[in-house]
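The listed protein sequences correspond, in order, to chains S and U. Going by this note's numbering, the first residue of the first sequence is number 1, and it counts up by one from there. Going by this note's numbering, the first residue of the second sequence is number 1, and it counts up by one from there.
If you are wondering where the hints come from, they were derived from the structure by calculation, not from laboratory data. A hint or two may mislead.
Claimed, not checked - Derived, one-sided and incomplete: chain U residues facing chain S with beta-carbon distance under 10 angstroms:
| id | residue |
| --- | --- |
| 1 | 46 |
| 2 | 76 |
| 3 | 188 |
| 4 | 225 |
Computed from a predicted structure; not experimentally measured. Where is the CB? At the ideal position from N, CA and C, for every residue including glycine.
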Amino acid sequence: MNRLSVKLPGLELKNPVMPASGCFGFGKEYANFYDLSKLGAIMIKATTLETRFGNPTPRVAETASGMLNAIGLQNPGLESVMENELPWLEQFDVPIIANVAGTETADYVEVAKTISTAPNVKALELNISCPNVKCGGITFGTDPVQACDLTAAVKEVSKVPVYVKLSPNVTDIKEIAKAVEEGGADGLTMINTLIGMRLDHKTGRPIIANGTGGLSGPAVKPVAIRMVYEVSQMVNIPIIGMGGISEADDVIDFLSAGASAVAVGTANFVDPFVCPNIIEELPAKLDDLGIGQLSELVGRSHRL
Amino acid sequence: MIIQEQMKVVRHAEIAEHIFELTLAGKLVGEISSPGQFVHVRVSETMEPLLRRPISIASIDKESSQMTIIYRAEGRGTKLLSGKLSGETVNVLGPLGNGFPVEETAAGETAVLIGGGIGVPPLYELSKQLTAKGVKCIHILGFQTDAVCFYEEQFKQLGDTYIATVDGSRGTQGFVTDVMAQLHIDFATYYSCGPMPMLKAVQAAYSEKKGFLSFEQRMGCGIGACFACVCHTTEQTGQDYVKVCSDGPVFPAGVVSI
Ligand SMILES: Cc1cc2nc3c(=O)[nH]c(=O)nc-3n(C[C@H](O)[C@H](O)[C@H](O)COP(=O)(O)OP(=O)(O)OC[C@H]3O[C@@H](n4cnc5c(N)ncnc54)[C@H](O)[C@@H]3O)c2cc1C
Ligand SMILES: Cc1cc2nc3c(=O)[nH]c(=O)nc-3n(C[C@H](O)[C@H](O)[C@H](O)COP(=O)(O)O)c2cc1C
Ligand code: FES
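Same shape as in the complex, but just chain S (with noise of 0.2 angstroms):
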C-alpha cells in the first residue's frame, strides 16, 4: 500500500500534498512546471458566480518571513470555471476541491450547486474567511450561527462533500469549528489569511491599495499549528491544515497537530517545484521517524 496515501470524504489522495486555493490559478502555469497529477488534490483559486475583478493595486507586498494579499477573489466566474478550467484539468488523475466565494448564501449556494456537479470535483471548500472583500466571506466565518447555516445551506445542494475553510481572525476558532460541524460539514481546511497592514517608510500610508491584506507565509505557521491543534481535539472531522508550509518538515508539523492532509499557498510563488518536492522528500521522512504509514502521524501531538 502507498504509504502517502490519505482517505477524506470524498476524496481518495495519493499523498497529502495539494496547492493552496488562490496560490495555483487553476492549475494551468505549474502544468508547464510539472505533471500534476503528482500531488494529492488541486484547490481551485475561489469561484464566485460572477466575474470579479478584485481591488485595486498594489495588492501584495512583502513582510518578515510571509507577504500580504488583498487580491479581493478574482476570478472569471462560475460558468467560466465550469467550461473553461474544470474541463482543461480533466486530462490529470487528480481530485480537485473546488474554493466556493458569495456575496450571500443564495451565491454560495448556486455556485455550490453547479459546481459539485463537475467530474473531476470530489469535494467542496466553502471559503467563509477571505478578509478582502466588503461582503460575504468572512462575516460568515466570524459568526458561528451564519457560518453554521450557510454550511447548512451548500450541504443540502452539494452532490460532493463539502469542507468549511476556517478563518484565523476570530477569538475562539474552536466555537466556529464546532458550529459548522453541526451545520454538516465534512471537513475543516485551515487557516486562511491573518488581517494585517504594512506602511511604506517613506510615505507612511500602507503598501497595499485596500489598506490592509491577508498575512500568508512561513511567518504564520505557529499560528495555524496552535489553532489545528486545538480545534482538531474538539471536532470528529478531518482537517486539512495549511499556513506558511514550504517543506516536508511543515508537513509532519501539521500532520502531528492533527490534520490529515496539507495544503501549500504562498510558497508556490518561491519555488513552483515546492509541491512535488515536499511530496518526493516525505517517505524519507517517515523512515527518519521510524513510521510506516503516515497517517499514524496525525494527532501525534495530542498523545502528550
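Put chain U with the ligands on the given structure of chain S with help from the hints.
Below, chain U with the ligands without anything else, positioned relative to chain S:
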C-alpha cells in the same frame, strides 16, 4: 519555456551609485525570445526575504549562454542580491512575460527608445536587436542625477543618445519629455520603460504614434497564477484586465489604463 535554474554569477559590479550589473550564465538564456522579458530572482536561499524580485533582462549573449541584468540595490532583497560573488549561483525563474516587438519597426525606419531610471536596462538589448536589423535607434534616457546614470556609452555606440537628469547634473535638466519636446524627430515607432508617470507622459506626447510600453507592478508568482499584478485596460480592448507578468510586461500603447 519558463525554467527555474541555479545560474552562475559570471560578473557582478557596481556601475553607478547603488546600480549593479550582474551577468549570469545558464540554460535559461537559450529560452529568451524577446528583449523586455524579465526574470524572477530569488535573493536568498531561505524563505526570508520571501518573494522573488522581478528584474528585466538587459542584454543577452546566446553563444556564451550569458545574460546581464541591471538593478538598483535599494530594498532588503536587492541589497542582499548585491552581495553575490562571481562563482556563486543565483536561483532564477524565467524568462517571463512578453517583451518588446522588434518586428514592429522595419529596417530603414527610425525608433525612439525612452527609458527612465531602472527602466533603462531592457532598452539596451532592444536597441541591439533593432540596430542589428537596420533600424535607426534614438535613445532618450532619464535619471535622477549624474551619480546614478549608467550605460550612456553603450547606448551611444548604437545610436544618438540624449540624457536628462532631474537636477541637471548630466545632459538636459528635467525629464525625458523635456528632451522629447526639444527634439523634432520623425520616427516610426517608440518603445518605453520606466516609472508610471513617465509612461503616461510619453504615451500622451506621442498619442499619434505606434508605441510599446513596459509596465511595473508588484508581483507574487510572476507566472500568471495569483492575480497580484493586474491592470485595468482601456475600452480599446476586449478584456477587462491584463496581467503584467504573463500578458505583459510590454503592451501596445493604449491597452493599459494609465
Ligand atoms: C517587469 C519588471 C521589471 C523590472 N526590471 C527592473 C530592472 O531591470 N532593474 C531594477 O532595478 N528594477 C526592476 N524592476 C523593479 C524591481 O522589481 C524592484 O525594484 C525590486 O523588486 C525591489 O526589491 P527590493 O528588495 O529592493 O525592495 P523591497 O522594498 O525589499 O521589496 C519588497 C517587495 O516589493 C516588491 N517591489 C518593490 N518595489 C517594486 C517595484 N518598483 N516593482 C515591482 N515590485 C516591487 C519587491 O519585489 C518585493 O516583493 C522591475 C519590476 C518589474 C515588475
Ligand atoms: C495571493 C493569495 C491568494 C489567495 N486566494 C485565496 C482564495 O481565493 N481562496 C481562499 O480560500 N484562500 C485564498 N488564499 C489563502 C490560502 O489558500 C491559504 O489559506 C493561506 O495563504 C495560508 O497558507 P500559506 O501560508 O501556505 O500561503 C490566498 C492566499 C494568497 C497568498
Ligand atoms: S504576479 Fe502572479 S499573476 Fe502576475
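Item to check | Violated constraints from the hint list, given by number and in increasing order | outcome: Of the numbered hints given earlier, the structure breaks just one, which is hint 3.
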